[in-house]
Amino acid sequence: PVGALLVIPEEDDFFRSLHLQLYVNEVLRQAESAASMIWNPREILDRALADCEPHYVAGAETLRLTDCESIAAGTLILTGTPAGVMFKVPTLWNPGAYLRPGDVVTSFATFLGFTRNRIAATNDGD
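Letter by letter, the sequence shown follows residues 1 to 126 in the numbering used here.
The hints are simulated quantities; they were obtained by calculation from the structure and are not laboratory data. Ideal Cβ positions, reconstructed from N, Cα and C, are used throughout, including at glycine. A hint or two may mislead.
[What the hints assert, rightly or not] The calculated label-pair distances, taken between Cβ atoms and stated as ranges, are:
1) Asp12 - Cys52: 18 to 24 angstroms
2) Ser70 - Gly113: 26 to 32 angstroms
3) Ser17 - Val57: 35 to 41 angstroms
4) Ala31 - Thr66: 29 to 35 angstroms
Between the sequences and the hints, there should be enough to build the whole structure, so can you do that?
Below, the structure written as structure tokens:
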């Protein structure tokens, strides 16, 4: 879920003022401050650079995601969400907790706006 704009704040702790909300089919599933994230955006970037050895494989090719010194302009960094929302014991046995084709997921962040995405079926029918 990404939008048309990329915001690069001047202050490292800008993310602390963001409130995040996630809706599935207009039902609120998560609402939390970005300040609750385990790693802040700077830590995520630092860890990505520290763990830069090529260990991603696509077919017979080994992929390097970064040159270990910088992350290329235009690279999309996904931070995840605060307060783990999926892997809880009740969720494991509740098939209604998982996304299905046709579901509409709306993500909202203070100052940044929202994105809305419809879940599509894969080519194999899943």
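Results for each hint:
1. Asp12 - Cys52: 18 to 24 angstroms: 21 angstroms, holds
2. Ser70 - Gly113: 26 to 32 angstroms: Holds: the Cβ-Cβ distance is about 28 angstroms, inside 26 to 32 angstroms.
3. Ser17 - Val57: 35 to 41 angstroms: Holds, at about 39 angstroms.
4. Ala31 - Thr66: 29 to 35 angstroms: Holds, at about 33 angstroms.
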